[in-house]
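There are 2 protein chains.
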Amino acid sequence: MHRVTLYPYYISISSEDGSCLMDAIVEAGIPINAVCGGKGECGKCKVYVKESIPESTLQSLLKGDYSNLEFQLTCQTTVDSNIEVFIPPASVTEKMKVLTMCEDTDLGKIDPLLVKYHLELPPPTLDDNISDIERIKRELRNQNIKLSHVSLDRIQYLGKTLRDANWDITLSLSLRDSGYELTEIESGDTTVENLGLAVDLGTTTIAANLLDLNTGEVVSSAADYNKQMIHGEDVLTRIDFSGDAKGLRTMQGLAVKTINSLIGKLGKDPDKIRAMVIAGNTVMTHLLYGIYPRFIKLEPYIPVLNTMPLIYAKELGIRINNRAILHSLPSRAGYVGGDITADILATRMYEKSEISIMIDVGTNGEVVVGNKDWLVGCACSAGPAFEGGEVESGMRATTGAIEQIDINPGSGPDYKTIGNVAPVGICGSGLIDLLAELFTHNLIDRKGNLQQEVDPRRIRKGNEGAEYVVVEKSATGNSTDIVITEIDIQSIIRSKAAVYAATALLLRTVNMDFDDMDKIYIAGGFGNYIDLRKAILLGLLPDMSVDKFVFIGNGSLTGAKTVLLSRDMKEQAADINKKLTYVELSVNKDFFDEFSSASFIPHTDLEQFPSVKKIITVLKENCNTVINVP
Amino acid sequence: MHRVTLYPYYISISSEDGSCLMDAIVEAGIPINAVCGGKGECGKCKVYVKESIPESTLQSLLKGDYSNLEFQLTCQTTVDSNIEVFIPPASVTEKMKVLTMCEDTDLGKIDPLLVKYHLELPPPTLDDNISDIERIKRELRNQNIKLSHVSLDRIQYLGKTLRDANWDITLSLSLRDSGYELTEIESGDTTVENLGLAVDLGTTTIAANLLDLNTGEVVSSAADYNKQMIHGEDVLTRIDFSGDAKGLRTMQGLAVKTINSLIGKLGKDPDKIRAMVIAGNTVMTHLLYGIYPRFIKLEPYIPVLNTMPLIYAKELGIRINNRAILHSLPSRAGYVGGDITADILATRMYEKSEISIMIDVGTNGEVVVGNKDWLVGCACSAGPAFEGGEVESGMRATTGAIEQIDINPGSGPDYKTIGNVAPVGICGSGLIDLLAELFTHNLIDRKGNLQQEVDPRRIRKGNEGAEYVVVEKSATGNSTDIVITEIDIQSIIRSKAAVYAATALLLRTVNMDFDDMDKIYIAGGFGNYIDLRKAILLGLLPDMSVDKFVFIGNGSLTGAKTVLLSRDMKEQAADINKKLTYVELSVNKDFFDEFSSASFIPHTDLEQFPSVKKIITVLKENCNTVINVP
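Top line first, the protein sequences correspond to chains A and B. Each residue of the first sequence is one higher than the last, beginning at 292 in our numbering. Each residue of the second sequence is one higher than the last, beginning at 292 in our numbering.
A hint or two may mislead.
Unchecked claim - If you want the footprint, here are the derived chain A segments under chain B, 3+ residues with CB under 8 angstroms: (1) 440–449; (2) 571–583; (3) 743–751; (4) 880–891.
No lab work stands behind these hints: they were computed from the structure. Using N, Cα and C, we set each Cβ at its ideal position, and we do this for glycine too.
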């Protein structure tokens, strides 16, 4: 396996020796331009490749200065060593929608929660007759490692293991509060393989990254819908389902089942995975640990605990190494969970002097504002629409999902799917595109009602009422029409209204305005390729200068990875949590008013959306003119 | 139940309301004088009784000044409240053999490893909306208690428990390294019941005390042979048996089975027992925890570890509360175990400026010399003879055991059994008495050979060679002759020789002599009533002024209890362990010489036993004269 680092995305992936670079880039989710289908004919997929790109060259490339540099075609390049690749904007498909990746994913020194140490111990003698464990401790002390715990089942045959290995061993040491726990002993030097698992435990989607804890590299990844979905789309219905011991056991089991199924897809021996970090909202975390969550739903919305005890992942039924310790990012309140702590870690807003705002758009919407001195957060229920849930043709941002859409008045929607295959549904970013396009083509009004007269061919009456046909079944990958119903559209508008209302209200709570914000970080499970201008047009995001937005992707997963790779980040997570003030919106009388005002495209108060107001003015003036969003 | 404290023994026992004080005193193992059989006729069982004896009065009583104090008969006294009782020497049978109990069993403040806290929490509100655990932590913090761990299975329904209990709860908090672990939550105030278990995990005998952790009182106790005995009498054969996984599992299971059977005899709901401390030698401790002990037997005699990890007792199969933490006194080396750390704790020699020596006579003999600045220890294999093992009619110091013997030349042995019932065997102290008496009556020579011509009626040929009939079956409780064989006698002589040789050699190692010792502490499982002068005559103990000897009884159990009742003592145990220097005798060339010299009664070098030399001189001069040991 070779490591392929992709700029300007700062993504590292593992590629098999001899694999095609284009495939590797597609695998990483970057829409490389491949008009000719990778035959080396169109010349559109040019990139700059080096084993290591010097920092000065990289800076020039990032500034768009490509002079004197030789580019090559990804489709004609074979990966046969670790490489660094710069992909110029021209080589990705036109509507590339990643705005910026999290600007700072550099952890500095990698200092993971699970470390491996290779030791060659001096054998005991009558003069040096300390116990086997003391001999190990002495050697570790020389390396400034404090061994504070041992797992009994790992030392029961330690004496034999040490002597069979001729005192040449590798220890797996897991971080605990007061030092390291000895969780595995292997013969010889096995330090080369050191794997850990980071998991984003989402209400709708669970995503996992297998990390090489020596390098920080993502070895493999997997994601799937949370199997708990069959018992309810949002956290409130999950809480209701867990009202008795049987229901709680079921929920706990389904979360574990999803995680175990993801582990099965990671391509490594689970016994070699020896550390795990999860980030999830408070309810999901309670359910994973089998903790009765009922009182999070009832006023005053109290969780049992915010910082989970350190346990072995096995204790929950998670099938990795028996002694792999499960760490969980701390929650702040019933509706501001470890996923938000993870988001804040991913943004690094907690380190800066400037004030920023972070908006996480998931099944729950969470908003945090602040800087290095203070942090204030709130939450709202957004529903699963942005993750493709509760929407007729919705799906996760995975192969076959329509992730971007343009509507041509003549030929109907032009779309792009993840993996460039026949479409089977629409993911979050596609839905945002779709609603914005429907609106700018006068196919829906500001309330989201379909305007059949504008396109009577595509707008029809379906089982659930009026619907717009995005792709006819003849062109889909599953022989089913891909549609969006009026009910879907209302649902998406409610979702975006909840997020916007929470954001606006939180800023009002701290007596601030969007203009006071240095950065607006956007996190969420709707895929990485959201079209910012369309999200603003819809009224999901505030109408700000686009250069203030930073898209951090799955901040929950990034935060979990960050903690897995760094003791310091684990401490930072605890500090963030202490610093974060929680504002309870559910009892805030203004929330419903804000929500109602935001339940329009983009908002009842157009003054809050000056750029959208201009578009609407044009639309009104000439209702047959189609406006292309700039 | 009332608490009865007995002076000058400093023993506290629990007695049922309305019980007879004489019975309570007999139960405590004190041989109260009851010539008339407890009918109130002989007037010999007079004691001084008060609800609380003032310190000044107690001091007078201890000095033998009984003026102006009213005494009463134990057999005519009913226990109907907590009382303190002073038993004057005249009221115990003539040959009372307890020399001194451990002089200082006062722990100061009881600060047990398991504490219970009753909390009445303020219910959460929107303004005070911290999590349930944080609410508990906040309240504990106000009481200066640091809650550092929670057991997951104890908090899964915490939210419901708290609300069902109307926020009125009692917490069980178990000490861990960095604070307390929340291990149980009960509704209302349950602080009145707080039970912990102290166990002496001996090679031959396992003894358990159930303690009230609020008062320090012993609620009940039980002891039995270690069921591992069926696979070998001493630690070496146990190690051999544990040479493979099956054998090790068997050994581990037998130790646990013995402990569980003792727990069943303690008369309390095992779920209410929430803390446990064991003290055992290194091999026994390894076996209990299922740790492969093989390398303790092989040079250089290395244990896997000396300080066991904190685990739940349940993890070993011990049937007390699921979350009761098992603490184990730390060992120092393969043959100086946690039992010796416990002995040292019981003696308090580690606190004193004067230099003392501690001799533990069990299946293994261990000797420690030192003071507050230094401690040096060694070990030897003594065999199970002093606990009644490997001796034809040997038995533990329990009901029916002959614990003292006088031989009358005319009528044969006079004896006293524990519980004053018909004899069924002889315990360690009885065997010491018996050998000394056989020797002073010329029935054995200095090598331990029976002299048939001296008493042809009682000395006969049995299945195992020559034997002396102590009690004929017509008078025993099990219709079997109680005998001692020549093989038994050799075995006891070897045991005492090993202990004496180790003691002498250790002193030589530190360039000291018995005369340098301020105190000689004697610990051991042979019962509390050893006749010191007879033990010296036999050559088991050095020929020193009797006022230097302090008998601490089962120091291992005392040490375990002490730790269970005191966090400070747990720390002291760790400190003692760090301070203790271990001397390996098994590779010491002088040991075999010392052992050979000591394999006589009392020793080949009579100069080391001047008081015994006098007796032997008389015996030699007149081989028909019987010398009564003074």
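How the hints compare with the structure:
1. 440–449: Our answer is that it holds, as 8 residues pass the Cβ test (under 8 angstroms) against chain B, meeting three.
2. 571–583: holds (count 4)
3. 743–751: violated (count 0)
4. 880–891: violated (count 0)
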